[in-house]
Every structure is written in structure tokens, then in C-alpha cells.
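**Student:** Each chain is listed here by its residues.
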Amino acid sequence: MSRVVITDMPRAEVLDPQGQAVERALRGLGFDDADRVRVGKRIELDIDGPDPEGAARKMCDALLANPLIEDFHVEVV
Amino acid sequence: MSRVVITDMPRAEVLDPQGQAVERALRGLGFDDADRVRVGKRIELDIDGPDPEGAARKMCDALLANPLIEDFHVEVV
Amino acid sequence: MSVAVVRFPGTLDHVSALAAVTGIGGQAQYAWHADDELPQGTSAVLLPGGFSYGDHLRPGAIASRSPIMAAVRRHAEAGGRVLGICNGFQMLCESGLLPGALIDNDSLSFICHQADLEVVDDSTPWTGDAGAGDTLSIPIKHHGGAWFGDAEAARVVLRYHGENPNGSVERVAGLANATGNVMGLMPHPEEACDPLLGSTDGRALVKGLVA
Amino acid sequence: MSEEALHRQLGLTDDEFAHIPELLGRDPNEPELVMFSLMWSEHCSYKHSRKLLRRFPVESDRVLQGPGENAGVIDIGAGWGLSLKIESHNHPSAVEPFEGAATGVGGIVRDILAMGSRPIALLDSLRFGELESSRSKHLFTRAVEGIGHYGNCIGVPTVGGEVSFDERYEDSCLVNAMCVGLVRADRILRAAAEGPGNAVVLIGNRTGRDGIGGASVLASAELSEDEDRRPSVQVSDPFTERKLMDCCLEIADEGLFVALQDLGAAGLTSSASEMAAKGGVGLDIDLDLVPLRETGMAAAEILVSESQERMLGVVLPRDVERVIAICERWDLDATRIGTVTESPNLVARMGGEAVVDLPAGLLADEAPLYDVPVEPQPISAPLGPEELPSEPVDLRATWLEMMGRPNLGSRRWIYEQYDHLVGANTVVRPGGDAAVVRLPDGIGGVAITTDCAEVHCELAPREGGMATVFEAARNLAVVGARPLAATDCLNFPNPEKGPTGWRLTEVIEGMSQALEALEVPVVSGNVSLYNESAARRIYPTPVVGMVGSVDPEKALGHAFQGDGDAVVLIGYGPRRLDGSEYLGARGCPPAPDVASEIALNGLLVEANDSGLLKSAHDVAAGGFAVALAECGMPGDLGATVELDTRSRADEALFGEGSGWVLASCSSENLARLTALAPPEVAVRHVGQTGGDQVKIGLPASTVSASVTELAAAYEAAIPGALNEH
Ligand SMILES: Nc1ncnc2c1ncn2[C@@H]1O[C@H](COP(=O)(O)OP(=O)(O)O)[C@@H](O)[C@H]1O
Ligand SMILES: [Mg+2]
Numbered sequence: 055m056s057r058v059v060i061t062d063m064p065r066a067e068v069l070d071p072q073g074q075a076v077e078r079a080l081r082g083l084g085f086d087d088a089d090r091v092r093v094g095k096r097i098e099l100d101i102d103g104p105d106p107e108g109a110a111r112k113m114c115d116a117l118l119a120n121p122l123i124e125d126f127h128v129e130v131v
Numbered sequence: 055m056s057r058v059v060i061t062d063m064p065r066a067e068v069l070d071p072q073g074q075a076v077e078r079a080l081r082g083l084g085f086d087d088a089d090r091v092r093v094g095k096r097i098e099l100d101i102d103g104p105d106p107e108g109a110a111r112k113m114c115d116a117l118l119a120n121p122l123i124e125d126f127h128v129e130v131v
Numbered sequence: 002m003s004v005a006v007v008r009f010p011g012t013l014d015h016v017s018a019l020a021a022v023t024g025i026g027g028q029a030q031y032a033w034h035a036d037d038e039l040p041q042g043t044s045a046v047l048l049p050g051g052f053s054y055g056d057h058l059r060p061g062a063i064a065s066r067s068p069i070m071a072a073v074r075r076h077a078e079a080g081g082r083v084l085g086i087c088n089g090f091q092m093l094c095e096s097g098l099l100p101g102a103l104i105d106n107d108s109l110s111f112i113c114h115q116a117d118l119e120v121v122d123d124s125t126p127w128t129g130d131a132g133a134g135d136t137l138s139i140p141i142k143h144h145g146g147a148w149f150g151d152a153e154a155a156r157v158v159l160r161y162h163g164e165n166p167n168g169s170v171e172r173v174a175g176l177a178n179a180t181g182n183v184m185g186l187m188p189h190p191e192e193a194c195d196p197l198l199g200s201t202d203g204r205a206l207v208k209g210l211v212a
Numbered sequence: 022m023s024e025e026a027l028h029r030q031l032g033l034t035d036d037e038f039a040h041i042p043e044l045l046g047r048d049p050n051e052p053e054l055v056m057f058s059l060m061w062s063e064h065c066s067y068k069h070s071r072k073l074l075r076r077f078p079v080e081s082d083r084v085l086q087g088p089g090e091n092a093g094v095i096d097i098g099a100g101w102g103l104s105l106k107i108e109s110h111n112h113p114s115a116v117e118p119f120e121g122a123a124t125g126v127g128g129i130v131r132d133i134l135a136m137g138s139r140p141i142a143l144l145d146s147l148r149f150g151e152l153e154s155s156r157s158k159h160l161f162t163r164a165v166e167g168i169g170h171y172g173n174c175i176g177v178p179t180v181g182g183e184v185s186f187d188e189r190y191e192d193s194c195l196v197n198a199m200c201v202g203l204v205r206a207d208r209i210l211r212a213a214a215e216g217p218g219n220a221v222v223l224i225g226n227r228t229g230r231d232g233i234g235g236a237s238v239l240a241s242a243e244l245s246e247d248e249d250r251r252p253s254v255q256v257s258d259p260f261t262e263r264k265l266m267d268c269c270l271e272i273a274d275e276g277l278f279v280a281l282q283d284l285g286a287a288g289l290t291s292s293a294s295e296m297a298a299k300g301g302v303g304l305d306i307d308l309d310l311v312p313l314r315e316t317g318m319a320a321a322e323i324l325v326s327e328s329q330e331r332m333l334g335v336v337l338p339r340d341v342e343r344v345i346a347i348c349e350r351w352d353l354d355a356t357r358i359g360t361v362t363e364s365p366n367l368v369a370r371m372g373g374e375a376v377v378d379l380p381a382g383l384l385a386d387e388a389p390l391y392d393v394p395v396e397p398q399p400i401s402a403p404l405g406p407e408e409l410p411s412e413p414v415d416l417r418a419t420w421l422e423m424m425g426r427p428n429l430g431s432r433r434w435i436y437e438q439y440d441h442l443v444g445a446n447t448v449v450r451p452g453g454d455a456a457v458v459r460l461p462d463g464i465g466g467v468a469i470t471t472d473c474a475e476v477h478c479e480l481a482p483r484e485g486g487m488a489t490v491f492e493a494a495r496n497l498a499v500v501g502a503r504p505l506a507a508t509d510c511l512n513f514p515n516p517e518k519g520p521t522g523w524r525l526t527e528v529i530e531g532m533s534q535a536l537e538a539l540e541v542p543v544v545s546g547n548v549s550l551y552n553e554s555a556a557r558r559i560y561p562t563p564v565v566g567m568v569g570s571v572d573p574e575k576a577l578g579h580a581f582q583g584d585g586d587a588v589v590l591i592g593y594g595p596r597r598l599d600g601s602e603y604l605g606a607r608g609c610p611p612a613p614d615v616a617s618e619i620a621l622n623g624l625l626v627e628a629n630d631s632g633l634l635k636s637a638h639d640v641a642a643g644g645f646a647v648a649l650a651e652c653g654m655p656g657d658l659g660a661t662v663e664l665d666t667r668s669r670a671d672e673a674l675f676g677e678g679s680g681w682v683l684a685s686c687s688s689e690n691l692a693r694l695t696a697l698a699p700p701e702v703a704v705r706h707v708g709q710t711g712g713d714q715v716k717i718g719l720p721a722s723t724v725s726a727s728v729t730e731l732a733a734a735y736e737a738a739i740p741g742a743l744n745e746h
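The listed protein sequences derive, respectively, from chains A, B, C and D.
Convert by adding 54 to the 1-based position in the first sequence; the result is the number in the numbering used here.
Convert by adding 54 to the 1-based position in the second sequence; the result is the number in the numbering used here.
Convert by adding 1 to the 1-based position in the third sequence; the result is the number in the numbering used here.
Convert by adding 21 to the 1-based position in the fourth sequence; the result is the number in the numbering used here.
Chain A on its own, in the form it takes in the complex (with noise of 0.2 Å):
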């Protein structure tokens, strides 16, 4: 069994309202040097079964992202 992490961020084109705010509010506390900020997901799951990576790219494909807004990452730790 192997612990999956998938993360999944707003794709570059689209706008990101979290990722802007917070960078407006990082701003407003005083940290001027934080720019760019995303904000995404990050989703951990226990997968059992040979081919974990392959099982959560379907999982992905079939629920997790949506590829019009999403870009995502599998990673088996």
C-alpha cells in the first residue's frame, strides 16, 4: 500500500481569487517580498495495489481535477 499525494493547482491562465487575496492580505501585513502566490489543493490517499501512480492519474481523470481550471501532479511517497 502507498501513500499518493496528488496536487492540484489553478491553472496558469485562470484566475486564482485565494491566491490573490492572500497575497493581498500577506501584503498588508507587512510581507512585501511575496508575490505570485497560487493556492491549490493537495490531496493524500492510501492506494492499494500494484500501480498506485496509475490508479490515482484515473482518480484524477475521473473526479479529482477538472482540466479546464486544473493542472495536477501525482506523486507516490
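These are computed hints drawn from the structure, not numbers from a lab.
Glycine is no exception: its CB is placed at the ideal position from the N, C-alpha and C atoms.
There may be inaccurate statements among the hints.
In silico contact screen, one side only, chain D against chain C (beta carbon under 10 Å); selected entries [as the list claims (entries may be wrong)]:
{"hint": "1", "residue": "Glu166"}
{"hint": "2", "residue": "His170"}
{"hint": "3", "residue": "Asp258"}
{"hint": "4", "residue": "Thr261"}
{"hint": "5", "residue": "Arg263"}
{"hint": "6", "residue": "Asp267"}
{"hint": "7", "residue": "Trp351"}
{"hint": "8", "residue": "Gln438"}
{"hint": "9", "residue": "Tyr439"}
{"hint": "10", "residue": "His441"}
{"hint": "11", "residue": "Val443"}
{"hint": "12", "residue": "Ala445"}
{"hint": "13", "residue": "Arg450"}
{"hint": "14", "residue": "Arg459"}
{"hint": "15", "residue": "Pro461"}
{"hint": "16", "residue": "Glu574"}
Over 10 Å on every C-beta distance to chain D, these chain B residues come out as not near it, computed from the model [stated by the list, open to error]:
{"hint": "17", "residue": "Met55"}
{"hint": "18", "residue": "Ser56"}
{"hint": "19", "residue": "Asp125"}
Take the given structure of chain A and dock chains B, C and D with the ligands to it, following the hints.
**Tutor:** Same frame as chain A, now just chains B, C and D with the ligands:
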């Protein structure tokens, strides 16, 4: 300037309703081998300065993470 | 001949949606997310608003993969009418029956207020007698209602009039597929069908299900 | 760790600890001691307030369920009952405002659900420190988000509430949530377990270590920096709550619940012991059957876990399968965890052994009750002319400044984050006085409000208690509603210290007198004590939630409707600066007069029933000038009025009294309205609606501002306070 990745996951003992809902949905789609799903956040940002990791930790303490319910982790990539 | 109002876990507006259909003289019955087929005699489908699956992952994402949605797709592909309201619109985009995606409001807050919508395209079955340029007063209530996509390529039916409340591309409030039989919108026409609630402008959209 | 240390750590006094063996006939074991400590905490046992609460009037021939159940129920006719209850979630919200406020909403909704009722409306009553404080900003914004998140996601409209900001709440914010539900009068569910042999079924979320000892211990002591007291935070799961609602109501519709109870503070311990004690039966529970989210949980942890979104039902053995099948259809866990027994004992087993075995009533009913010190205190006198500040030179500037104060400005920033429309029954929306929600099947409508006159309660507690109740009733009357029932949440400082015990007693006395006069019974309520820190003590804050009946077709709003209508000031008694928003917590506000209050409300309802009124709005915080602007802004309508008064100008504009209402009517109806007025109440025609200016003529001057600039100040009040650093 460095690209910094902050991961922010619900603390292990805290309820993760999103992870729970995703897990049920994956099972419903026939992915019976998915287990212990947790859903958290991934924040990517540029930090200018000599100690990007230290700066990122400060940002987490000040704003990005809620230590009562989340564990965070900082990585400079 | 009846409108199937589909219920998912976390659907909230099925009662008011059903009442809106019967209120204009239509017939309606509930359909259940876990079923593979729409109820016997379904003539049109209404995907009502709510927080199906708690809006987890992405609003509408989990619901759009439910068994019933395969039947909704078949119904739509055969030319049947489908109206998705709010969470229902999010499901239609997630399932690819409508173009684009709905992302968080630019304010990152939930917003609930009456909104003026401008009719952009009056040639679909969804705007009744209203002509292009007319405005409809219908409430909006959502957290993830900013439409993102290619507005040039889409068949935009309704646009927010005046200030953009949520950051939608081109102020898109609702759109249809190319053939016009599938329509989705973030505003809630089922809550604008009764003079006691301040507006009856929502009836035009609901009529699109029974006309 | 010695036993001694343990009971003190758990919050029991030495005397309380010593009392347990006397009742039990032996020493309690550890899980039992933990259970006693929680059930005998202030939060669960009301040990410092229970005696005082007996003062409240609780009876009327409409009461279907009075205090003592999860919520009260009032008969609204046509075979329907309305359930109502308000509850605090103050301490959890101070620790984690988003989740604390959200789970507060979840908790009150489950109380309504436990009555077999469908929740139809939510309200929230909030108090925070001034918004200059970054901590208060954070608590306020996050609490509002949390309330919105939960209410929006479960599809119950949040139709009203109130908020104010005062330095007194800087260390102890208040987050109270009220829920109203609808139930067929013959299908009301109750918590009393019945029928030995019946099954006990746990429905909903799995049990984790959430908030162990949290709500109860935490809410029963002053908030300190003591990290150990912090429970593991409960994360809200409104999606599961919505399924729980749909599912439990489906089970109730099929008549399959013998009894139903939510799991709130002290979790399984309180729900099981209360169900058993109320029914005079026992429950035998197998902890190994409780679905857990975490491994290695001890018996005591399972017994006191405050995991949210769980309900405990009693069902007939033959119905268990059907109940579980309905839950499965809703993707909810449901597990038979025990059985109702003949003996009065609550038994909990683990690994086949009884780890807890004691009479349920000892936990639920035998907590020691205490008297609070009630040494009478002097009441401040009204301020004399020499004690008032000099009159402002620029009254117009003062007016605009007041309109833009967070305590007086628009609440739009709050209620637009709440879905106040879901269900398509919200006839009068937030922004005015009471909300009006239409009921199904043509059975009418319900008006709902929450109110509290906390500054008045601080300065003159008995009159403040009365003023609180009358303000709630007046907020119902201005939408055309007759009051039916009340629920209350008594938020106070430590009752064992200083004048708090006396104030609590006085406030309850004043509230009770007003409720008796109105013939409005209290059907449910909640008490939150110890809201103080070393530095600050909150005002006595007895929030009253009141419901009234109204024909939704006739429900009245606060907004002026058109040009040329008569503006009418209706009411009695003085308006003074004492205790006003303008002046602050000094002096002594005018005391309400019982007969006049009743007459005023009667007049409003009668006039509205006869179709004489176009709008009505009570003159509350900010006084006449603020109320007049509020009537004009929604319809962008000005007004020209003359106040014939001997008061100083600032007192005439911003003074606050008890019973005053600003109404409008067509000029044809003015004479009829005046003729209806009973002797206790003055009806003064003060001016006309129209134009784009709000002009107030005083004997010595005229103050005027455009509706646009008033609205700009009003709308910017909260957003402005939040954005500036
Ligand atoms: N915390 C809140 N949540 C929801 N609605 C609120 C809240 N605070 C105020 N409101 C709404 O805003 C309006 C005005 O509030 P308030 O000034 O407190 O009224 P009142 O003077 O009648 O007590 C009412 O409709 C009230 O229900
Ligand atoms: Mg009012």
C-alpha cells in the same frame, strides 16, 4: 528569489469532512482501493530575500495556517 | 409529461424548484441521484440549487459523476430540456454539458442579494417574452459563482446588469448549449416566481421547462 | 495523579466531589468521575441559574412544550407547532471563531431537529469588542463566515439577528444562534427513552476526540490563557448535518422514532443520561459498537466526546433495520449501540465489561444547585443637564458620523453573506426589524426577532430586562405580528463575583414582568456565565428571541413606500441620552411602562390589520434621526419633518426611549390612525415623505442631509471599520 511551497493539511486528529466526502465519492466510482483520504491546501509563492523558508514560516504563523486545526510544512523548491 | 427535479445529498432547493414548476401549471416529481434512469414520463430535467456533497472538492463535481447524470446526459443529447440552477449549473459545467467552469467569487465571500440580469440572447426557450436588453430581477446566492471560460464561443443568455457581483468573465450569469436545450445559471429563478417574494421574473426560465 | 487532583482538574469542587459517594453509595471510578464532572458543570447543570430561571412565565394554553426539552414548541394553529430555541457558543467561538460559530449553528439546528421539527429559520446574535481591535475584527469576520458557511450549506435561511461592538466584549465575545422549526403538533418528538428492550441507535458522524471536555468545562469557567483547557477543536461538517436533517425527518415521518436526542455538550454522556432519566428507564450501551474515527479511544473519551453531527434515537427492535436502511440511503452511518432497560441505570460496556454503571438521574438531575449572591446595588440616576456634554455645533456632521458607526450602520455586510432566502419563504428580509417567514399550506407566517438592551441592563438591570423583552415584542409589532413565545440566552459574567448575581436576578425579574404583561411564555433558553476576564466583564446580555404570528400578505416593512405619505411618530415617554449609543453607558435610560408598551403594540397590529399603515420601524439605537434615515434609504425617499420639542437638539435627534415607532400612512388614513390611538400612546403627525433630502426641523434649527449621503455613511460603517488598519 525562490519559489516556496507551503502545504497545509488538516491535523490528523481533526475531522476532515472534505476528505471524507471525496473518499466516499471515489468508492462510489469504483475506486475501492482508495483509503484515508485527506484534503488540504497547497500554496505556492515567490519570496524575495535571504531566508525564504524563515519568511514562509512567519507567514504561516501570521496568516496562512491555523495551528488549531492544521499542520503546515514549508519547502523551498 | 413531467419535470424531473433531481435530488442529491445536500440538495437544498428541490422543494422551491418543484413548487415553481407546479406554480406555473407544470407537473413535477423528484428524481434520485443514485438511480440510473429518470422517472417514467420525464419531459424535462431541473437540477436545483444547494450544496450537493457539501461543495467538497469543487461545487457540483461529485454530483456530476452520479448515476443519474448519465441519464440526464442521454436526455440532453436527445434534445430534451435541462435547466441547472446554481449548484445545478455547476454540475452541468462539471459534466461538460455546458462550457466553462465556476470558480470562487472574487470577493471569496458568499453573496446573497437581488440582482438585475440582462437578457443577452432572447432566442432560447429560457427567457420567454423578454427581449434582448430587457432586465430580470432574480436573487443570487452563491460562493463559487464566477463563470470562467471562453465567452465568445459560448451562448450567453444572461449577464449581470451593472456591477459584476462575482468576477464572472464578461459578467456571465447564465448560458445555454449551442442547441439551446440545456441552460444553466447562477441566479435563482425559483425564488422569483411569487409576487409576495418581490419578483416574478423567474417564471420565464421555469416556463422553459414546460413550454 | 491523585484522585483529588483529578476531580479539581475536571472542575468539580471538593464539596461536589465529596457528594458523589453519598449519592452513589461508593466511590466513582474514573470514567464515572469524568461524567459527573461534565454533567455537573455549569453548562450542563445550570447549577448557578436553575433556581432563578423558575421565575420565568412558562405557561399559556398555546404551549405544546415548555422549557426542559431540546427546544420549546408553541401551537400556531391548523395542527402545527413552531419550535424555537436559542443557544450560545461563546467560548468555542473565542478560541476558533469560524468553527466555533459554525458548530454553534449546527448545535441549535439539532436541538430543533430533536423535536421532530424541520428547521425553517436561523438568527444570530453577536457581540464583539470595538472593530479598532484587530482581534475583534478577526473574531467578527470569521464568526460571520462560519455562521454563513453552516447555515448556507444546510439550506436553512439565516433571516435575522443582531450585532454590536463594545470594548466590554473584547475578551469575551458572544455568539448566540437561534433556530425556529416547524412540526405537526401531533408528531412532536421528545427525548424521554421508553420501552425496555427498545434499541438505541447512534446516527451520523463517527466519534473522535473532538472537544473532549470542551464546551462544558470551557463554558463553565472564565477563559484563561491556560492552553490545557483548550479542547481539540471541533470542525463543522454541515453536509453531514443536512443529511442528518433529511434522514431524521424521513424516519420521523414514518413514525419510527420512540425518542430522539442530539449529542451536544458532554456528548453521549449527557444525551444518554438525559434520555434515560427523563423516561425513568436505563440504557445499556456497548461502547465497542460506537463507530470511531480514531484508534485507541478510552471509554471515558468515547463517553464525553463532543463530535458534532450525531443524533441518538430510540426505536422499536422491529424498526431497527428500516431505520438503518433509511440512513444508508442518505450515506449516513447508523449503528445500534445499546438497549433501553428497566433499571434506572446508565450502563456502558467495553470489552464485555461494564465500565460505567450508575443511576442516570444522578448525572442528569442531582447536580448541586447554588444560590448566587444578590446584594442589592445602587442604580445610577438620570444625568442632569450639567452632566451632559455640550451640544455639538454641527448636528449634521454628528448625524452622519453616527450613521457610519459600526453599532448603527447597515448590517448588509453580514446578512448578504447569509442565504436569507433559501426555501423561497422569506417575505420580510433582513435589514429592518423582525424577519417574516411564510409557513407552508397557507397557515400564515411567523415573525422572528432577537434583541437585547445590554447597556440598559448594566445601568438598571430590572428595567433593562423589561426593555429587552419589550424591544423584541415591538420589533414584532412593527411588522404587524402578535407575539407568541420567547426563548432567551442569558449571557452574563461570573455570577459568584461582584454585582453579577444581583443583576442576573434583577434582569430575570424585569424580563418576567414584561413577559407576563405580554402573555408571552418562555419555552426554551440557555445560560452562558463566566463571560469575563481579569480585565473586563461583559454587560449583562440577556438575548431574547421572540416569534409572533402574522399574515404574510399583510407583513409590514420599515421602508417608506412613496412620496407624500404622512410620517407619524407613535409612542410614549421620554427619549434621553442616558445609556444611548450617542452618549455611552452612563446615567439611567427611561424605564419602560408596561401598560403603554402593550397599548403601543396593540395599536400597531390593529392599525396594520385594518390596512392603515404603509411602513413602521421602531426607534432604537441612534434615536429618531437614525430611524428616520433608515426608513428613507431603502426606497431612496427623503422626508421633511418637524419635531416640536423642549429637549436639546442632540437629545431630540439621538435620544433613546423605550416605546417609539416611526410609521408612515397615506394622508387619507391619518385621521383614522389617530382615532385608533389609546390614551397611553401618542400619535403625532410629524411630516411628509418625499424629495431626496431628510430634513428634521427643530424649534431652533433645521438639520438636513441627502438620502444618498446618509446611505453612503450607513453602508460604509462595517466595511469601512474592517478595512482600515
Ligand atoms: N448578526 C446578524 N445577522 C443577521 N442579520 C442581522 C444581524 N444583525 C442585524 N441583522 C439584521 O439587520 C437588521 C437591523 O438590525 P438591528 O439594527 O440590530 O435591528 P433592531 O434595531 O431592530 O434590533 C435586522 O433585520 C436584523 O435582523
Ligand atoms: Mg428594530
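**Student:** Look at each hint and say if it fits the structure.
**Tutor:** Here is how each hint holds up against the structure:
1. Because the beta carbon of glutamate 166(D) sits about 7 Å from the nearest beta carbon in chain C, less than 10 Å, this interface hint is met.
2. A distance limit of 10 Å between C-beta atoms decides the matter here; for histidine 170(D) the minimum to chain C is near 8 Å, and the interface restraint holds.
3. Evaluation of the aspartate 258(D) hint against chain C yields a held restraint, the C-beta minimum of about 8 Å falling below 10 Å.
4. A least Cβ separation of about 8 Å between threonine 261(D) and chain C falls short of the 10 Å threshold, and the interface hint therefore holds.
5. For arginine 263(D), the interface hint holds, since its Cβ comes within 10 Å of a Cβ in chain C; the closest pair sits about 5 Å apart.
6. A hinted interface residue such as aspartate 267(D) counts as satisfied when its beta carbon comes closer than 10 Å to some beta carbon of chain C; here the least separation is about 8 Å, so the hint holds.
7. Given the 10 Å rule on beta carbons, the hint for tryptophan 351(D) holds: about 6 Å separates it from the nearest Cβ of chain C.
8. Contact between glutamine 438(D) and chain C, as hinted, is supported at the beta carbon level, the nearest pair being about 5 Å apart and thus within 10 Å.
9. Given hint, tyrosine 439(D) at the interface with chain C, holds; its Cβ is 6 Å from that chain's nearest Cβ, closer than 10 Å.
10. Satisfaction of the interface hint for histidine 441(D) is found here, the shortest Cβ-Cβ separation to chain C being roughly 6 Å, below the 10 Å cut-off.
11. Because the closest C-beta pair between valine 443(D) and chain C is about 6 Å apart, less than 10 Å, the hint holds.
12. Nearest Cβ of chain C to the Cβ of alanine 445(D): about 4 Å, under the 10 Å cut. The hint holds.
13. The beta carbon of arginine 450(D) is positioned within 10 Å of a beta carbon in chain C (closest approach about 8 Å), and the interface hint is therefore held.
14. Of the supplied interface hints, the one on arginine 459(D) holds, with its beta-carbon coming within about 7 Å of a beta-carbon of chain C, less than 10 Å.
15. The interface hint given for proline 461(D) holds, since its Cβ lies 9 Å from the closest Cβ of chain C, which is under the 10 Å cut-off.
16. A hinted interface residue such as glutamate 574(D) counts as satisfied when its beta carbon comes closer than 10 Å to some beta carbon of chain C; here the least separation is about 7 Å, so the hint holds.
17. Residue-level check passed: methionine 55(B) sits 27 Å from the nearest beta carbon of chain D, beyond 10 Å.
18. No beta-carbon of chain D is positioned within 10 Å of the beta-carbon of serine 56(B); the least distance is around 28 Å.
19. At the 10 Å boundary, the C-beta of aspartate 125(B) stays outside the reach of chain D, the nearest C-beta of that chain being 13 Å off.
The structure shown violates none of the earlier numbered hints.
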